[in-house]
Amino acid sequence: MMIDTGTLRTSVRNGIEFIKKQKDVIDAEVFASWNEHITVRVNYTSDIPCNGIHEPKSTQGCGIALRVVFESGKGIKVGLGNSANDITQRGIIDAFSKAKRNKIYDPDFLSLPVPIGEPVLKNYHDPEAMEIDDETIVRLGWQGLKGALEEYHQNRFSTSIIAGGDITIIRERMAIASTKGIDNFDESTILTANITSMVERENVKGSGWNTSTHISRFRPEDAGRESAESAIKTIGGERISSGTYDVVFGRQPVADLCANILIPALSLSAVNASDTPFLGKLGQKVASEALTVYDDGAIKGAIGSKKISCEGIPTGKTSLIHQGFLTGFLANHYLAKKFDSRIASFIPRNGFRFEKGKRSYTQQPGIFPTNIVIEGKEEISSRSLLSEINHGIYIGRIWYTYPINGLAAGDFTSTIIADSYVVKGGGIAHPLRPNTVRINSNIMDIIKNIIAISNDKRQTILWGNEEVVLAPEIAVQGVQLDSISGFIA
Amino acid sequence: MKNCRYADVRLGIHEVKYAHAENGKAKGMDEDTALSFGIRMLAGEMCAWGFYSQSIGGSEARPKSFGEILTLGVQKAYARAIANAHKKAEFKPFAPSLTEVTLARVDPCRDIINSVFDEDPRAVPVKDILALCIKISGSMHSIGKDVRYAFLQVQTGIHREVFCSSEGACIDQAHALTQGTLTVVAQKAGGVPEVCHDYLGDLRGWEVLQGKNIYRQPLAEFAGMRTHETLELTGAEFLPATNEPVVVVTNPHFNALLVHEIIGHPTEADRALKLETAYAGRSWLLRDLQNNELGKQIASPLLNAYSDPSMNGYGHYKYDAEGTPAKRVNLIENGICKEFMNGREQAAILQHPPNGSMRATDPHSVPLVRMTNTVFAKGDKSPAEIIAEVKDGYFIVNHRIPSISESRENFRISAQKVYKVESGKITKLYRQGGITADSKDFLMNIDAVGNDFSVFPIPNCGKGQPMQIMRVGNGGPTLRSRAKLTGLRT
Chain D
913 MMIDTGTLRT SVRNGIEFIK KQKDVIDAEV FASWNEHITV RVNYTSDIPC NGIHEPKSTQ
973 GCGIALRVVF ESGKGIKVGL GNSANDITQR GIIDAFSKAK RNKIYDPDFL SLPVPIGEPV
1033 LKNYHDPEAM EIDDETIVRL GWQGLKGALE EYHQNRFSTS IIAGGDITII RERMAIASTK
1093 GIDNFDESTI LTANITSMVE RENVKGSGWN TSTHISRFRP EDAGRESAES AIKTIGGERI
1153 SSGTYDVVFG RQPVADLCAN ILIPALSLSA VNASDTPFLG KLGQKVASEA LTVYDDGAIK
1213 GAIGSKKISC EGIPTGKTSL IHQGFLTGFL ANHYLAKKFD SRIASFIPRN GFRFEKGKRS
1273 YTQQPGIFPT NIVIEGKEEI SSRSLLSEIN HGIYIGRIWY TYPINGLAAG DFTSTIIADS
1333 YVVKGGGIAH PLRPNTVRIN SNIMDIIKNI IAISNDKRQT ILWGNEEVVL APEIAVQGVQ
1393 LDSISGFIA
Chain W
2 MKNCRYADVR LGIHEVKYAH AENGKAKGMD EDTALSFGIR MLAGEMCAWG FYSQSIGGSE
62 ARPKSFGEIL TLGVQKAYAR AIANAHKKAE FKPFAPSLTE VTLARVDPCR DIINSVFDED
122 PRAVPVKDIL ALCIKISGSM HSIGKDVRYA FLQVQTGIHR EVFCSSEGAC IDQAHALTQG
182 TLTVVAQKAG GVPEVCHDYL GDLRGWEVLQ GKNIYRQPLA EFAGMRTHET LELTGAEFLP
242 ATNEPVVVVT NPHFNALLVH EIIGHPTEAD RALKLETAYA GRSWLLRDLQ NNELGKQIAS
302 PLLNAYSDPS MNGYGHYKYD AEGTPAKRVN LIENGICKEF MNGREQAAIL QHPPNGSMRA
362 TDPHSVPLVR MTNTVFAKGD KSPAEIIAEV KDGYFIVNHR IPSISESREN FRISAQKVYK
422 VESGKITKLY RQGGITADSK DFLMNIDAVG NDFSVFPIPN CGKGQPMQIM RVGNGGPTLR
482 SRAKLTGLRT
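Protein chains in written order, with our numbering: chain D, 913 to 1401; chain W, 2 to 491.
Each hint should be verified, as a subset may be incorrect.
Stated by the list, open to error - Stretch by stretch, here's where chain D covers chain W in the computed footprint (C-beta under 8 Å, at least three residues):
hint	segment
1	24 to 35
2	180 to 191
3	215 to 221
4	280 to 293
5	358 to 369
Said to hold, decoys possible - So the derived label-pair ranges between C-beta atoms look like this:
hint	chain 1	residue 1	chain 2	residue 2	range
6	D	G1093	W	L73	12 to 20 Å
7	W	S66	D	I1147	51 to 59 Å
8	W	F239	D	S1023	41 to 49 Å
9	D	D1252	W	R490	35 to 43 Å
10	D	D1020	W	I113	56 to 64 Å
11	D	I1147	W	T72	27 to 35 Å
Keep in mind that the hints were calculated from the coordinates and are not lab data.
Keep in mind it's a predicted model, so treat the numbers as computed, not measured.
Virtual Cβ for every residue (Gly too), placed ideally from N, Cα, C.
I would like the entire structure built from these sequences, with the hints used as guidance.
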């Protein structure tokens, strides 16, 4: 069922040769992919009958996608077509007939991508992960659970325990060729373990995660152990009253704010829809000078890395905010061309066809982040970060972060659900009781009020998001926190 | 296959046409057929799950090729179930709550359910769909100079899924689905943009977009109405937030999201049984099997809520993804928490009757407990009377975006519009506001339930890992309760 990159490359090259011979064709791009998304879902509840590992599962897809530019009396028309599970000549003919049928006049479509530079990454996937068998998949899932249970048992907890989450393995291969001279391929493997565990009677929840591009360096048991450790550490949490606090956002909240608020607002898709607080602010100071944000899809060993985009463009660093100044937006080729002007141009490094973490032939290239990196101007240790706020709250995990009044307004809200503490005198004083505090703030206020950023970054992943954030901890002044859920107590 | 206890196969074919346009410019169109299957298997001495799925190409859809692919898929699902069962047995001494999977009994059904439509989606030319998108998005954009962005996407199609199980069930179900999705962004010069995102849709044919829908409006009128409302809001004042609860009247569109978030999700049995702890969260309604809110007062005696797949709406079906006949589930009766939506496995654990609430977005995905048409039941007071009785309060109109606590015990939901109510009269319009409350406080404080009732399409409910996006129906009548206002903090 697996298809190798050689077969994908042959298919896209044959596709280009076929399309070149067709009437009225000006340009064409052929994309082919094979990928598999494997998930082993962890579900252990000590007080409720359970499966431990709920279900090892996978979904697999393969296909070919075409973008064809046709000559038309009115200018040019562009047509899109794809064919599922058939990358032979027959699949190409099928996809071409769909592209021809679907062609439209879109005045914003200017051209197909042209080659830009050379890729940085080569052979960065794990051949062992590409060949992973069912028993290994299942074993990795149970290892994640084992880590959590061992930690609980060592600390003499055997009841009221929950350990949930997943071990996910993504195997993907793609090739692309175009009449513009693009002819390349990519092959990647991503392994993630994301475990949440609880001692429910103590109202505590902890998070743990582990990521790798290679099985040999993948430690799902560490994720399980970390989640249990973190839950145990937060036993005895207390409520706080509503008010404005200085806070340190831990790595998960930093990743959450990036994935759900900041990065969507730093995409040309948001500019196109006039739905970003950064509209018209390119080159202006928008944040604390302590903050630098960029996307870099070419970081060796990072799980968001790719050799090339799904438009065949080598990945690399795209500066978004540099020392507080807005320096760029994430772009694909279509919107980079549309917004290209004498005062601004955008390198289209982020045109991906992601669907549930995979590079899918069914999707057209949208704009997706790869590895988002947050840097400080002068980074300090985590301990020093607590000293910076002196009195306040360390927020370790947040949940349901949404731009509550639309992205452009910048308002957001979320609740603090785990891994959090009250800070006094520059140190941890005691845990914060989970699910008792709601954050009500605005992303522009947050990035303007950053006072320090830590030097210890970690690849952080989130449920339902494609990107990885190389997240530090960030200290921010004056964040509105509201006490909630009094009736539960 | 040795020690195979149960297997089911879902084979689905989706025939869909869609197009989208923005600001009167074509952006894309397609018509396609997608075929895929998913296999669930229970096997092993300590019975455990295994699952496999994939899409199928046109050439593989021939019986011989398809049979070969399906056989390979069965072998994969079986291998995973056996490996999983083996590990479960190995871990059992270390983790005593590990248990063999048991499914609550249902009678295997054999049935064919055809899709319902007046105008066959397959007969609508995709070029006509694109032309409609161009025309309507162009009209939206030209309503005023402050309309910065107008986007419209339309899809129509037929979804058919065949379910067969090793117990003898064989169900062939199909439904039509037609939907229009719009986004409009309006902004006065130098002001903050106002964004509206909404849907029109039903499990029927092209007639949905011609006026056979909850709004009784053709798509063009609906899009025009939302655009005018968004423009009007750009000139409104920002709603000031309050530190204390105030009287709020919430309309059915707003209550669609409210019931979804604070009643629907916490009454899903898989969530209550902690299966979503790492993702979508738990439920404050079930602490554990002994300590829970079943049979207890969690809302005003005026309030009833139920989930009913037999009603029309996005949550309509006759059999769920396990072949269980769908039925109405009474979630809250006179303020008392009564039942959870469940699947066969959760029903067995809870020792409740299975109620047919398992669905998957497509055959690729494993079934999860899902809302159906989950609603607040209607009451006996007219909406006009509910507002007329308010001396000093706010009318919360149409939902926007939610943020809910982990166990659904607290919520903040923004509204498209908020009006001041003074001496029973709607007075001033505010923008960028909403309400926040602890769920139980809000439910207990309900003192009026309207005799109006609407079910709205909610096409984008996220749950599971990998996340599945599911269509559900949500709604209810007008309600009156108390909550804090969210908005501008001074």
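Now for the hints, and whether the structure bears them out:
1. As drawn, the segment 24 to 35 of chain W meets chain D at 9 residues by the rule of a beta-carbon pair under 8 Å; at three or more, the given contact holds.
2. Note: the segment 180 to 191 of chain W has 3 residues with beta-carbon separation from chain D under 8 Å; the three-residue rule is met and the coverage holds.
3. Residues of the segment 215 to 221 of chain W lying with their CB closer than 8 Å to a CB of chain D number 0, which falls below the three-residue condition for coverage.
4. A count of 6 residues in the segment 280 to 293 of chain W with a Cβ less than 8 Å from any Cβ of chain D is obtained; the coverage claim is therefore met, three being the minimum.
5. Given a C-beta distance limit of less than 8 Å, the hint that chain D covers the segment 358 to 369 of chain W holds, as 3 residues qualify and 3 suffice.
6. The hint said 12 to 20 Å for the Cβ distance between D/G1093 and W/L73, and at roughly 39 Å that hint is violated.
7. For the hinted restraint 51 to 59 Å between W/S66 and D/I1147, the CB-CB distance of approximately 57 Å keeps it satisfied.
8. Hint check: W/F239 to D/S1023, Cβ distance near 43 Å, so the stated range 41 to 49 Å holds.
9. A hinted range of 35 to 43 Å holds for the C-beta pair D/D1252 and W/R490, which are about 40 Å apart.
10. Against the hinted window of 56 to 64 Å, the Cβ-Cβ separation of D/D1020 and W/I113 comes to about 46 Å, which falls outside the hint.
11. At roughly 51 Å, the beta carbons of D/I1147 and W/T72 sit outside the given window of 27 to 35 Å.
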